[in-house]
Structures are given as C-alpha cells and as structure tokens.
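Please work from the sequences and hints to get the whole structure.
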Amino acid sequence: MTTPLVEDTSGLKSGQTLLEVDNLIMRYKTKQGYVSAVEDVSFVLHKGEALGLVGESGCGKTSIALSLLRLQADNGEIMGGSIKLGGKDLVPISEEEMRTHRWNDISMVFQGAMNSWNPVYRVGDQIKEALDLHWPTRLSRAEVRERIGELFALVGLPADAQDRYPHEFSGGMRQRAVIAMALSCNPQVIIADEPTTALDVIVQDQILKELKRIQDDLDMSIIYISHDIAVIAEVTDRMAVMYAGKMVEFGDTADIFSAPRHPYAWLLLSSTPSIVGPRRQLAPLEGEPPNLLDPPTGCRFNPRCPFATDQCRVEEPPLADIGGGHMVACWNYEDVPVGITAGGVA
Amino acid sequence: MTTEAHVEVKNLEKRYPVQKSVFRSAKDFIHAVDGVNFSIAPGESLGLVGESGCGKTTTGRMLVKLLEATSGQVLLKTDGEVVDIANITDKDDLKSFRSDVQMIFQDPFESMNPRRTVYDTIAEPLTVQRIGTVPERETKVAELLNLVGLTPAESFMFRFPHELSGGQRQRVAIARALIVDPTFVVADEPTSMLDVSIRISVMDLMLKLAERLDVSYLYITHDLAVARYMCDRIAVMYLGKIVELAPTEDLLANPMHPYTKALLSAVPVPDPSYKRPPVEIKGGISKSINPQPRCRFYDRCPMAREDICGPQDHPPLEEKAPDHWVACYLVDKQSA
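Line by line, the protein sequences are chains A and B.
Position 241, counted from 1, in the first sequence is what the working numbering calls 241; the numbers after and before it change by one each time, with no gaps.
Position in the second sequence (from 1) plus 346 gives the number in the working numbering.
Be aware that one or more of the hints could be misleading.
Here chain A is said to cover these stretches of chain B; the calculated rule only asks that three of the stretch's residues, wherever they fall, bring their Cβ under 8 Å from a Cβ of chain A [as the list claims (entries may be wrong)]:
1. 534-546
2. 570-580
Heads up, simulated DMTMM-like pairs for lysine to aspartate or glutamate below, C-alpha to C-alpha not over 20 Å straight-line [unchecked claim]:
3. B:621 to A:286
4. B:628 to A:210
5. B:633 to A:200
6. B:621 to A:228
7. B:554 to A:286
8. B:633 to A:168
9. B:607 to A:200
10. B:621 to A:252
11. B:679 to B:659
12. B:621 to A:168
13. A:209 to B:626
14. B:621 to A:210
15. B:554 to B:659
16. A:212 to A:237
17. A:88 to A:20
Now the in silico label distances, taken between C-beta atoms and shown as ranges [stated by the list, open to error]:
18. B:636 to A:143: 42 to 48 Å
19. B:527 to A:281: 26 to 32 Å
20. B:638 to A:95: 54 to 60 Å
21. A:14 to B:453: 41 to 47 Å
22. A:22 to B:560: 56 to 62 Å
23. B:476 to A:34: 49 to 55 Å
24. B:636 to A:73: 43 to 49 Å
25. B:511 to A:73: 19 to 25 Å
The hints are simulated quantities; they were obtained by calculation from the structure and are not laboratory data.
Don't be surprised by glycine CBs; every beta carbon is placed ideally from N, CA and C.
Okay, here's the thing in structure tokens:
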C-alpha cells in the first residue's frame with residue numbers, strides 16, 4: 001500500500017499494551033434483579049495482536065464487547081472496574097467524550113451486521129454516515145468517495161461497488177463492506193463479533209484471510225468473538241474462555257489448545273469435532289449453563305464440573321497465573337488430564 | 347434396485363419456475379436439484395453436505411414428500427415391499443408413509459408451537475394418525491422422553507417450549523419424529539442451532555437411537571466435521587448435483603473432486619499448529635437458472651480443461667475407486 005491508511009497516533013509499537021481491562025463488572029437490571037453478564041473480567045490487549053473470546057451463547061462474550069464501546073443495552077450498567085485505552089479510563093468519561101473514541105479508536109463488526117444493511121440506500125451512502133459522524137474533520141463529497149474507495153480496496157471490493165445497493169452484493173461482499181465500515185475511521189482496535197458465522201466455509205476462509213492481512217498490514221489489534229473454537233484456533237494469538245460471565249481461562253492460544261487447564265475449557269475442546277486427525281469419541285458436556293440471575297455459589301461451573309469438590313461449591317477460585325501468562329480460575333486444575341488434542345478425547 | 351437398499355433415489359429433479367410475468371408461462375427454471383442418485387442401506391446414515399443453496403434441503407424435503415419432485419423416483423422399502431413414494435396418494439397409504447418416514451427440522455425455536463405442551467407436540471403424530479387411546483399415548487410419550495434423556499418424563503410432559511433450552515427442544519423434536527417408529531429419518535441440520543457442548547449429546551443421542559431402533563438417516567449439514575461424526579457415507583452436493591459420494595473416512599482422506607478438495611481445505615481445524623492447504627477455487631457465482639449443459643463447477647474449477655470439460659455435459663457420477671463415486675472428467679479411474 002502506498003499511502004498508509006492508519007496514522008499511528010498512539011505512538012505504540014507492536015506488542016505494547018493498547019487496552020487494559022481491569023475487574024470489569026457489567027450487569028443487566030431486570031424485574032427479577034440483576035443479571036451478572038460480565039463479572040470481574042480482566043485482560044490486556046497488545047498492539048497488533050489478535051485476541052479471541054470463546055464460550056457458549058449467553059456466556060458474556062458480546063456483553064464484554066459492547067461494554068468496551070459502552071454500547072450495552074439501556075438496562076446494562078457498568079458497575080465496577082476500568083477500561084483503559086492508552087492509559088485513559090473510558091468508564092467514567094461522558095457520553096459525548098466517549099463518542100470521540102467510538103469508531104475512531106475502537107470499532108466493531110456487529111454480529112449479523114451483513115444482514116442489517118438498509119436495502120433502500122446505496123452501500124457507499126451508508127458508510128458515509130459513519131464518516132460523517134466520527135471522522136474528526138468534515139469531509140467533502142469527493143473526499144468521502146475517495147476514502148470509501150481506499151477502504152473497499154483494503155477489503156477486496158472494487159471502488160465502484162459503493163454505488164450499488166445491498167441486494168446486489170453476495171453474502172461475502174456484504175460482510176467485506178461491513179468490515180470496511182468498521183475500518184473507516186482508522187481504529188486501533190476492531191471487535192469482530194461472529195464475523196463469519198452466517199457464511200459458507202469457502203467464503204469464511206476468504207474473509208478470515210482478509211482480516212488477517214489487514215491486521216498485519218495496519219498493525220491493528222482485533223478481538224474475535226466466536227462460538228466456533230476452530231476459527232479461534234486459526235486466527236488468534238491469545239484467547240480467553242468465558243463461562244457464565246466469568247473468564248475461566250486465558251493464555252496463548254497454542255498453550256490452551258495443547259493443554260487446556262480449566263475443566264470447562266477442557267470439555268469444550270473435547271467436544272469439538274474436527275475433520276483432521278483420527279476420528280474420536282467426543283465428550284459430551286452434561287447439564288445447562290446456570291441462570292445468571294442467581295448464579296451458583298463458589299465456582300460458577302461447579303454443578304457441571306466432573307472435578308468439583310466441596311471447596312468449589314463454597315469458595316470462588318481466582319484467575320491465577322499458573323506460569324507463562326497462562327491464567328486459570330480453578331481450584332483443581334491439576335486434576336484435569338493433560339494430553340487432549342483438539343478434536344476430542346482419544 | 348439392489349436388494350439391500352432401504353431408500354433409493356433415481357434421477358431426482360426439482361425445478362422452480364422463474365416467473366417474469368403473471369400472464370406468461372415461465373421459460374426459465376432454477377434447477378434446485380438436478381438429477382440426483384443415491385441409495386441408503388438399512389441402518390445407514392448418509393450425510394448430504396454442501397454450501398447454502400446447493401439443493402440439499404430440497405432433496406431432503408422431496409424424500410419425505412413435503413415437496414413434489416419434478417421428475418425422478420424415490421423408492422422406499424417398507425415391509426419387504428418396494429414402493430415409489432410418488433404413487434402414494436391414497437389417504438391410508440399416506441398415513442402409513444408418514445409413520446415410516448419422518449423429518450427433524452433445523453430450528454428448534456421455530457419448529458414448535460409455543461402454545462402447545464411438550465406432550466401435545468410429541469403426541470401430535472399419534473393424534474393425527476388416530477393411534478392408541480389417550481393413556482396409551484401418554485405412556486408412549488413418557489417412554490420417548492426417557493429415551494431422549496428428558497427425565498423425569500412427568501416433569502417435562504406438560505412444559506411449554508419457552509420453558510425449555512435449545513438442546514431440550516431439539517430432543518423434543520427428535521422424540522416427535524421417533525414416536526411413530528419410523529424406519530427412515532431425514533434430519534436437516536438438527537444441531538446447527540445448538541452450542542457445541544449440547545451438540546455432542548444430541549448427536550450421540552441420534553447415533554444411539556439409530557443403533558437401537560435400526561433407523562436410517564439422511565443427515566443434511568453444511569458442517570463436514572459434524573458429518574464425519576454422524577455419517578457412514580458422505581455425498582457432496584454442488585449446484586443441484588452430487589459431485590462426490592464415498593465412505594466418510596475415505597472421502598476425507600482421499601477427496602477426488604476439485605470442489606470437495608476446496609471445501610475440505612476451507613474447514614477450520616481446532617488445532618493452532620495445523621496449517622491448512624490453500625483453498626483452490628475460482629471466484630464468482632455459478633448460476634442455477636438454466637445452467638449451461640456442462641460441468642456445473644466449470645467456472646470455478648481450478649483444474650477445468652477447455653478441451654475436455656468445455657464441450658461436454660455435466661459429467662456422470664462414476665465409481666472411480668471402490669465405493670468412491672466422483673463426477674469429474676479429469677479424475678482417472680483407479681484400479682482396485
């Protein structure tokens with residue numbers, strides 16, 4: 001690329017801390033009480049890194065993402081913790097000030113956004129809206145066209161596609177345009193919430209490769225949210241496993257896949273089928289996730305955990321470093337068998 | 347028809363007219379399913395995989411008579427007799443067909459009436475077919491709830507769908523399909539809406555039931571890893587045609603059709619150290635409206651040869667290696 005699309009305003013180099021989330025608590029207020037959707041979650045995102053959040057539906061993946069942008073639903077409330085972007089805490093600032101960070105620093109590819117284009121407006125005009133709202137200066141019509149052309153080139157779409165309507169796009173093209181919109185204001189972080197879930201595998205492969213290339217070219221950080229463990233294995237450097245609003249395991253993706261230490265992470269990986277390697281018997285995970293209005297005492301996973309002891313039912317395990325930045329929240333992680341490879345137990 | 351086949355599909359076709367005007371008869375047709383052949387042995391599970399729009403659901407629906415085929419035959423073996431399902435029109439025959447062949451739908455959130463209890467939902471096939479008395483039906487429903495692992499049965503029987511989780515609903519859907527003791531079940535993406543952890547228990551349940559009740563499945567899915575877990579053989583569909591059909595492990599280890607190769611290399615692998623081969627496929631969309639009389643994959647095929655594939659119609663599905671059927675001119679026949 002001849003003209004750099006992203007000016008590195010933060011002055012950060014690859015590997016330096018970009019986003020620091022500390023003890024974040026976000027709860028939804030309902031008639032029955034508070035639903036603890038994000039409970040005491042901490043992590044650090046480095047510049048140029050891809051971080052994955054995995055877990056089952058309702059485990060709080062998307063709630064974390066929305067909290068980072070302060071876009072949680074009206075009944076959602078950040079009740080504690082901090083979200084530091086380049087050292088500045090985003091939790092206490094005013095909505096007006098937050099708006100200057102949204103899209104310019106952190107943007108998001110929303111789940112299902114590819115099916116949310118307004119059918120009666122041209123795709124380019126819809127991306128223009130994001131630029132009008134968030135671009136620091138007022139852009140002329142010609143500048144907007146040029147900018148969208150640049151963005152489309154970046155995601156592999158022809159520049160003149162901006163004059164077309166959403167129905168003229170295939171699913172893959174619509175998702176590319178959504179990514180272009182997320183990139184429009186040179187964010188430092190993109191949150192991609194299930195970016196390929198609705199796509200066929202061949203298109204999914206193309207989109208994931210495109211995101212990886214953009215991440216490398218622009219030295220950008222991406223937070224991937226997915227229920228598809230295989231996708232997370234392929235695209236992320238580090239990952240967090242979520243269960244019932246809690247982060248139960250965090251570390252290098254390669255480390256977690258080679259030896260998951262939390263019983264839930266272990267079972268989750270063991271229940272993922274694969275087309276590569278020997279066909280294995282997969283381990284089912286019995287039971288249902290807990291009701292977050294009234295989560296179980298002690299460890300939230302204890303009712304379903306094959307390794308649970310009396311301590312687990314009373315005392316909540318902290319997320320503790322077990323060496324090399326591999327964090328696990330489990331009292332009995334040493335009981336979890338090692339030597340599971342993805343694809344299931346042998 | 348071979349004696350051992352339970353279901354045999356011959357040249358099955360479904361065309362949808364593309365109506366340009368209300369007053370003109372249609373000239374253009376979408377070839378949704380375009381001459382499909384396969385057979386399923388008793389107790390066998392055949393996987394039908396392919397991308398969205400390739401015709402896999404249409405095929406499944408024709409097999410259960412939810413859609414009428416434009417042409418072709420579906421032969422079903424019941425009580426030692428082979429019948430063409432197109433000839434089943436008589437009300438009583440249709441009833442016995444419906445108890446022989448059942449379908450499990452994709453979405454457990456949409457395929458259930460929210461105002462009816464689990465008992466109503468599961469017992470509905472019995473009510474419609476006037477099988478048994480009410481106490482008998484209750485016993486049968488309880489038996490099935492136990493079978494699909496919704497225990498204790500009494501506590502689930504009178505719940506409503508909104509009181510159930512996704513996995514529980516899909517178990518109810520499976521129980522409803524099995525209550526009439528079918529011998530053949532078409533399962534259309536029965537686990538794609540479920541979380542991974544629940545998915546395995548539903549898949550295990552279906553495998554266990556197949557073994558115990560000797561049910562044959564047509565298992566429709568877009569997920570090859572799921573197909574591998576569930577199916578004895580896999581048929582790969584592309585644009586209304588089966589392009590490859592082989593025993594599961596043989597297909598995965600030794601794909602022959604260029605489309606199957608591309609599809610397999612695009613599936614993400616849950617192992618960060620594994621490097622997938624590049625996905626070799628050309629861009630663009632192949633049209634299913636009045637397709638040209640040549641290989642449906644021609645425009646996207648990385649191997650396509652103008653001199654060989656260009657002038658010929660879509661290649662026939664041929665046995666290129668023992669039990670391994672491929673529709674491609676460029677794949678040589680291997681000796682056994």
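Here is how each hint holds up against the structure:
A count of 6 residues in the stretch 534-546 of chain B with a Cβ less than 8 Å from any Cβ of chain A is obtained; the coverage claim is therefore met, three being the minimum. Coverage of the stretch 570-580 of chain B by chain A holds in this model, with 5 residues showing a Cβ closer than 8 Å to a Cβ of that chain against a need of three. Distance hint between residue 621 (chain B) and residue 286 (chain A) is unfulfilled; the C-alpha atoms sit about 32 Å from each other, more than 20 Å. Restraint check for residue 628 (chain B) and residue 210 (chain A): satisfied, since their Cα atoms lie roughly 16 Å apart, inside the 20 Å limit.
A C-alpha spacing of about 17 Å is found between residue 633 (chain B) and residue 200 (chain A), which places the hinted pair at or below 20 Å, so the restraint holds. Among the hinted pairs, residue 621 (chain B) with residue 228 (chain A) is consistent with the structure: their alpha-carbon atoms are about 17 Å apart, no more than 20 Å. Between the alpha carbons of residue 554 (chain B) and residue 286 (chain A) the distance comes to roughly 16 Å, so the proposed pair stays at or under 20 Å and holds. At most 20 Å may separate the alpha-carbon atoms for a hinted pair to count; residue 633 (chain B) and residue 168 (chain A) meet this at roughly 15 Å.
Of the pairs offered as hints, the one joining residue 607 (chain B) and residue 200 (chain A) holds, with about 15 Å between alpha carbons and a cut-off of 20 Å not exceeded. For the proposed pair residue 621 (chain B) and residue 252 (chain A), the alpha carbon gap of about 17 Å is at most 20 Å, so the pair holds. At most 20 Å may separate the alpha-carbon atoms for a hinted pair to count; residue 679 (chain B) and residue 659 (chain B) meet this at roughly 19 Å. Restraint check for residue 621 (chain B) and residue 168 (chain A): the C-alpha separation of about 34 Å exceeds 20 Å, so the hint is violated.
Our distance criterion of 20 Å between C-alpha atoms is met by residue 209 (chain A) and residue 626 (chain B), whose separation comes to about 14 Å. For the hint pairing residue 621 (chain B) with residue 210 (chain A), the CA-to-CA distance comes to about 17 Å; that is within 20 Å, so the pair holds. Using a Cα cut-off of 20 Å, the hinted pair residue 554 (chain B) and residue 659 (chain B) is violated, with the two alpha carbons roughly 42 Å apart. Among the hinted pairs, residue 212 (chain A) with residue 237 (chain A) is consistent with the structure: their alpha-carbon atoms are about 11 Å apart, no more than 20 Å.
At most 20 Å may separate the alpha-carbon atoms for a hinted pair to count; residue 88 (chain A) and residue 20 (chain A) meet this at roughly 9 Å. A hinted range of 42 to 48 Å for the beta carbons of residue 636 (chain B) and residue 143 (chain A) is consistent with their spacing of about 45 Å. In this structure the hint that residue 527 (chain B) and residue 281 (chain A) lie 26 to 32 Å apart at CB holds, the actual value being about 28 Å. The hint said 54 to 60 Å for the Cβ distance between residue 638 (chain B) and residue 95 (chain A), and at roughly 57 Å that hint holds.
At roughly 44 Å, the beta carbons of residue 14 (chain A) and residue 453 (chain B) sit within the given window of 41 to 47 Å. Separated by about 58 Å at the C-beta atoms, residue 22 (chain A) and residue 560 (chain B) satisfy the suggested range of 56 to 62 Å. The given range of 49 to 55 Å is respected by residue 476 (chain B) and residue 34 (chain A), whose C-beta atoms sit roughly 51 Å from each other. For residue 636 (chain B) and residue 73 (chain A), the Cβ-Cβ distance of about 48 Å falls inside the hinted range of 43 to 49 Å, so the restraint holds.
Between residue 511 (chain B) and residue 73 (chain A) the C-beta distance comes to about 22 Å, which sits within the given range of 19 to 25 Å.
In summary, the structure is inconsistent with hints 3, 12, 15 from the numbered list given earlier, while agreeing with the others.
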